[in-house]
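So the sequences go chain by chain: C and R.
Last residue of the first sequence: number 493 in this note's numbering, and the count goes up by one each step with no gaps.
Last residue of the second sequence: number 493 in this note's numbering, and the count goes up by one each step with no gaps.
Any given hint could be a false lead.
Keeping only pairs whose Cα atoms sit at most 25 Å apart, straight-line, the calculated DMTMM-like set for lysine to aspartate or glutamate is [unchecked claim]:
id	chain 1	residue 1	chain 2	residue 2
1	C	K446	R	D248
2	C	K446	R	E469
3	C	K482	R	E491
These stretches of chain C come out as covered by chain R in the derived footprint (C-beta under 8 Å, 3 or more residues) [as the list claims (entries may be wrong)]:
id	segment
4	88-102
5	441-452
These aren't lab readings, by the way, just hints derived from the structure by calculation.
Cβ coordinates follow ideal geometry from the N, Cα and C atoms, glycine included.
This is what each chain is made of:
2 protein chains.
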Amino acid sequence: MSGTSELKIYNSLTSRKELFKPLQKNNVGIYVCGPTVYNKVHLGNCRTFISFDLIVRYLRHLGYNVRYVRNITDVGHLEDDSDDGEDRIAKKARLENIEPMEVVKKYSDDFHKTLRKFKVLPPNIEPTATGHIIEQIELIKKLIDSGFAYEVNGSVYFDIKKYCESYEYGILSNRKLEELLKNTRDLSGQSEKKEPFDFALWKKASKNHIMKWNSPWGQGFPGWHIECTAMSLKYLGNQFDIHGGGIDLKFPHHECEIAQGTALNSVPPVKTWMHTNMLTLNGKKMAKSTGNNILPEELFSGTNKNISEAFSPVVTRFFMMQAHYRNQLDISQDALNASKKGYQRLIKGYKFIDNLSSNYIGKSIFDVNEAISKFYYAMNDDFNTPVLIKELFEALKRIKGLSINKDFINKDDLKKLQNTFRVFLFDILGFEVVEDKNDTDEYLNKTVSLLIELRENARKNNDFKKADEIRENLLSIGIILKDNKNGTRFELK
Amino acid sequence: MSGTSELKIYNSLTSRKELFKPLQKNNVGIYVCGPTVYNKVHLGNCRTFISFDLIVRYLRHLGYNVRYVRNITDVGHLEDDSDDGEDRIAKKARLENIEPMEVVKKYSDDFHKTLRKFKVLPPNIEPTATGHIIEQIELIKKLIDSGFAYEVNGSVYFDIKKYCESYEYGILSNRKLEELLKNTRDLSGQSEKKEPFDFALWKKASKNHIMKWNSPWGQGFPGWHIECTAMSLKYLGNQFDIHGGGIDLKFPHHECEIAQGTALNSVPPVKTWMHTNMLTLNGKKMAKSTGNNILPEELFSGTNKNISEAFSPVVTRFFMMQAHYRNQLDISQDALNASKKGYQRLIKGYKFIDNLSSNYIGKSIFDVNEAISKFYYAMNDDFNTPVLIKELFEALKRIKGLSINKDFINKDDLKKLQNTFRVFLFDILGFEVVEDKNDTDEYLNKTVSLLIELRENARKNNDFKKADEIRENLLSIGIILKDNKNGTRFELK
């Protein structure tokens, strides 16, 4: 079904598009770094999860059996490795004066709710960092045993110099060790690490630290990077197909994952690294501190000063799909308005095609297979959704033009076309035909008002028979008219 | 606001209603045993979670700061302690040929989705068993150190005889040790346990066992009972206010929790034990094997042979609230139909009250405070929702009767009454006014049909001006009439 082209994916590790070949025929393992649940999910993060939702949906459509693992970071990673670096979740708990796991529950629920609105399908496994402390400890023990990690005062660090004796560090972000050394602030004497670029695998917990566990090195908590290594290797094996995440995670997080995985199993953990690009707002980086920021719920309700009109989740999703996941994308009221119109046009076009009928059995004027292969070509080119959407509109335009001629398409081709549109729009792109309840309510209000007006006019013309008829007809369908001094209102029975 | 009565709760431990006094003024800690996520959630389980949702909502309404912990059992507890007892989640994973954690994700999502439909609010913390392996190991170590548990061949068991030297075992389910001994099948020789009633804290994993963790006793997995002890004590302290669950968990699960908690901290872990009663279907116990079973989703869609009509989640919730949580409840089509009518009547009554207005400032004929105190009296009597609902209907009936007299209630009393109804119906009982989209769609279809008919009649009477007016008015509100040989249909713009 994928036409004549084959799927190519841009691999951040090699900086080029590569033909996608899963390690195990038909099975694809994919891991995406999930949210740290200490706050309401960021719209930029949503872009990442929506992008990988599209990617997983397309891989499944191609017939792959996909195991999609997306974690929840519920022991909040440190701002940095220094001793006063505070756990983000614990900090939030302290500020809100609740248990850290209450913070986790609150924001995990919020995260799931938001993604559901965006029509993001759940992953197959959603492991939590706190649910894999033992696994992390096991890996750290193994790293110490093989000399890639060392313990100091109850904390354990990854030894990058030692790693560089056997492997290369920095291959994903193209960093050289010498550069790293130059760029790292000199904290010698203050730090217990051998080298400033070594990173924490396990941190000793202070007496007041809330989230801590027993370990061979005393009470402490895991470093951020080892979490994802423990969870991805556990559920996908020592080497798996795709690892994804936001571009901001490339360094140090993903670089450290490569080092950990390679040191553990002498094999790079991931074949294809995929990174989604940033979402900016009105041309600038989003940041709470500057106020140039918007929450998903504020976008849906139109209650944020930066974008004061409400846009539905599906329009927002369409807006995101209009850009390629590797390109930076700027969100603004104007851009969303354009997307809203575009989305309505697309759905209208889909309905137009879906309502076409044909009994014609001759040759079609419209070349369905050509159109379909263009759709696949776009998607197979590193999931190029903007090109796909362009091709969908092209096809719609041509069909609309040709449809003046009744026999432009034969029965079978039409069926194929209708099915393809349905699959691409709903199964792959994750769109939906929205006729929301509020709209229907409004339509109902307006039509009943029209009937009330007609009754009013009949009365004025002394046509009381007609007026009563309208009232009774409405009553018979369960709508009760109530007259009072201010006019007539209605109630549903 | 709770009237003159005080909250009394039936304590399963003492078999009587007791005045509720939290251990810490204003703070209430409550733990409820959650589902084992290896299957779609059972309607009987839903009753338990809906009951505790009501209980937590009411405690919060009374002003308590409630920390509600409800766990997810994601390492499926064994059928029994024997060596071939298979983990339920692993078994399901083997049958479905997927990773156990995929089973967990699938059915956790299903569980949450179902409870959302029932308007069950999320707990504050929803810990998982696999997320607390370290905590469980710590407790088991402590039990071994204090002599309450013993290790045999990589498994650890709780020593009930040893426990009985200091404490009494069986206080919740009123079982005597001698009876237990008599009633337990004699597996001596086959079992590695000292006594047949000893229960597993940690089980050695066979080579093929999937879900296992390293421990001081080798690779294994925790027993079911220690999970809940680890999670409840971690988040609520060594002794907390309320522990709830289905009545089927009283023995052995809750009995074992008492023994574990008491042995660990020399204090009973729970002040008040609360148990919800069974839900039967058409007079018989629900069981998959007999076919006398129904899933929540089947109930909502009317696709189960036992109850073939569809009932909404809120009607089902109302149905459940019409029985006291400690009474057995039988679900059937007739009973649900009666509840559906009752619910409609209640909501209609609420709307009636909500639409009343008053400018009267004299003495009310209707004694609002008396009515309100009856509501509280019912709820304070061990959360007696059937009595509460009866009192709500009583009040509605009286108000309806009195309302013939315009000045039956003064302004302030009316406001208080309206507010109380809102609070009890929506905040406490968790009901909602449902006007679902399908209904609105149908109303809209019918009203537009009426307008089409009026237009048709105008045409027949050669009143083309009127006919066009109707068409144009509809168009102006976004409804397009399309005439064809079969008549006229409409489309939304």
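Structure-based check of all given hints:
1. K446(C) / D248(R): Distance ~54 Å between K446(C) and D248(R) Cα, so the pair is violated.
2. K446(C) / E469(R): The hint holds at about 15 Å.
3. K482(C) / E491(R): violated (29 Å)
4. 88-102: holds (count 4)
5. 441-452: With 8 residues closer than 8 Å to chain R, the segment 441-452 of chain C meets the three-residue bar; holds.
In summary, the numbered hints that this structure violates are 1, 3.
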